[in-house]
Amino acid sequence: MDVVPWLAYSWAFLLALAVFIYVVLDGFDLGLGILYPFYPEKRDRDLLMNTVAPVWDGNETWLVLGGGGLFAAFPVAYAILMPALYVPIIAMLLALVFRGVAFEFRWRTQRWLKYWDAAFIGGSLIAAFSQGIALGAMVQGVEIDGRAYGGGWWDWLTPFTLLCGAAVVVGYALLGATWLIMKTEGPVQDRARKLAWTFGIGTVLCIAAVSVITPFLDSVYYSRWFEMPGLLIAAPVPVAVAVILLLLFRSLNVHHHEYRPFILSLILFALCFIGLGISIFPDLIPPDLTILAAATPYNSQIFMFVGALVLLPLILGYTAYAYWVFRGKTSPDEGYH
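The sequence shown begins at 1 in my numbering and counts up one residue at a time.
Simulated from the structure, these hints should not be mistaken for laboratory data. There's no promise every hint is true.
[As the list claims (entries may be wrong)] Okay, derived cross-link-like pairs now, DSSO-like style, lysine-lysine, Cα gap no bigger than 27 Å in a straight line:
#, residue 1, residue 2
1, K329, K42
2, K114, K42
3, K194, K329
4, K194, K42
5, K114, K194
[As the list claims (entries may be wrong)] Distance ranges between label pairs, derived from CB positions:
#, residue 1, residue 2, range
6, A240, G307, 29 to 39 Å
7, G186, P282, 44 to 54 Å
8, P159, Q110, 34 to 44 Å
9, L292, E143, 14 to 24 Å
Don't be surprised by glycine CBs; every beta carbon is placed ideally from N, CA and C.
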């Protein structure tokens, strides 16, 4: 095949960027659903909904871009990953559907309100947990037979993938709590600060656990983290994570720091994403399928890449504009009805 390395790597970066933006935008959105049980009053739950009501349904755009881009630019990887991850992927999609329906229907009824709230909570938890399981299954390695999936139906279910699922749930809850600190006031914000402390500590423990286990999943991971020259690239990441966590917990103790916790949480997620990239690059599906081996020919990739370069700024533009228009605090007496 006529594969051009710079184009294949550019596509891989573009897909990684789309997934990261999805994690950032839909992460705090799902996090609100995870935090829902901690706000039992209807007025508080309405306020939580209203903080994301104008923007939540645009967040899945990035998930579609990531999945569609993988199918278009790296079809071999798509054909291998989907059978390997059918169960968590289908669970995630169904959870997102139930969650989206619950978001709309809970405003239309009083009699069934508690059931739609339960659907919103369950959909958020299952979607986040499934995403973590899918990520963990990819990191631990996917068995490949030729150019197809060679593993079993339940290979994705291991203690490591369950740990990754729990880590994503806890991390999204942290994002949701820091989002509420930024978007609310009064008792709702005070509770969000306490929840941010709780889930922040949980996030630290999850990051530590995943970081300790990952290098020992495969000798390649170990060499990239603990042997030269990979050590020079990897070493600054845990140091930066420690610094960001220190700043995050300090900001949670300062009442007038309302934007800082959320921004620091996003930086923390970005550092974790960089750490993931260090572990798997240049593989697309660890440990056997590289980016270049999975790429489509140059003519296919360049045609789609030009389109992506045109569409990506447009998507970023309308997303940024939506968040700008609805910036500031959300009033409990105004919003989505």
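Report task. Measure nothing beyond the straight line between the CA atoms of K114 and K194; if it is 27 Å or shorter, mark the hint as holding. Result -> 25 Å, holds
Query - Pair hint outcome, K329 versus K42 [Cα-Cα no greater than 27 Å] - result: 19 Å, holds
Requested in this report: Would you check the hint for K194 and K42, treating anything up to 27 Å between C-alpha atoms as holding?
Outcome: Holds: K194 and K42 sit about 20 Å apart, inside 27 Å.
Query raised in the report: Is it true that the CA of K114 sits at most 27 Å from the CA of K42?
Result: Given that 27 Å is the threshold and the Cα spacing comes to 10 Å, the pair holds.
Requested in this report: Return holds or violated for the Cβ distance of A240 and G307 against the range 29 to 39 Å.
Outcome: 35 Å, holds
Requested in this report: Kindly confirm whether 34 to 44 Å is satisfied by the beta carbon distance between P159 and Q110.
Outcome: For P159 and Q110 the Cβ distance comes to about 43 Å; the hint holds.
Report task. Could you say whether the range 44 to 54 Å given as a hint is met by the Cβ separation of G186 and P282? Result -> 50 Å, holds
Requested in this report: Given the range 14 to 24 Å, decide if the beta-carbon distance of L292 to E143 lies inside it.
Outcome: Given range 14 to 24 Å: holds, Cβ gap about 20 Å.
Query raised in the report: Are K194 and K329 close enough, with their CA atoms no more than 27 Å apart?
Result: With Cα atoms ~19 Å apart, K194 and K329 stay inside 27 Å; holds.
In this structure, none of the earlier numbered hints is contradicted; all agree with it.
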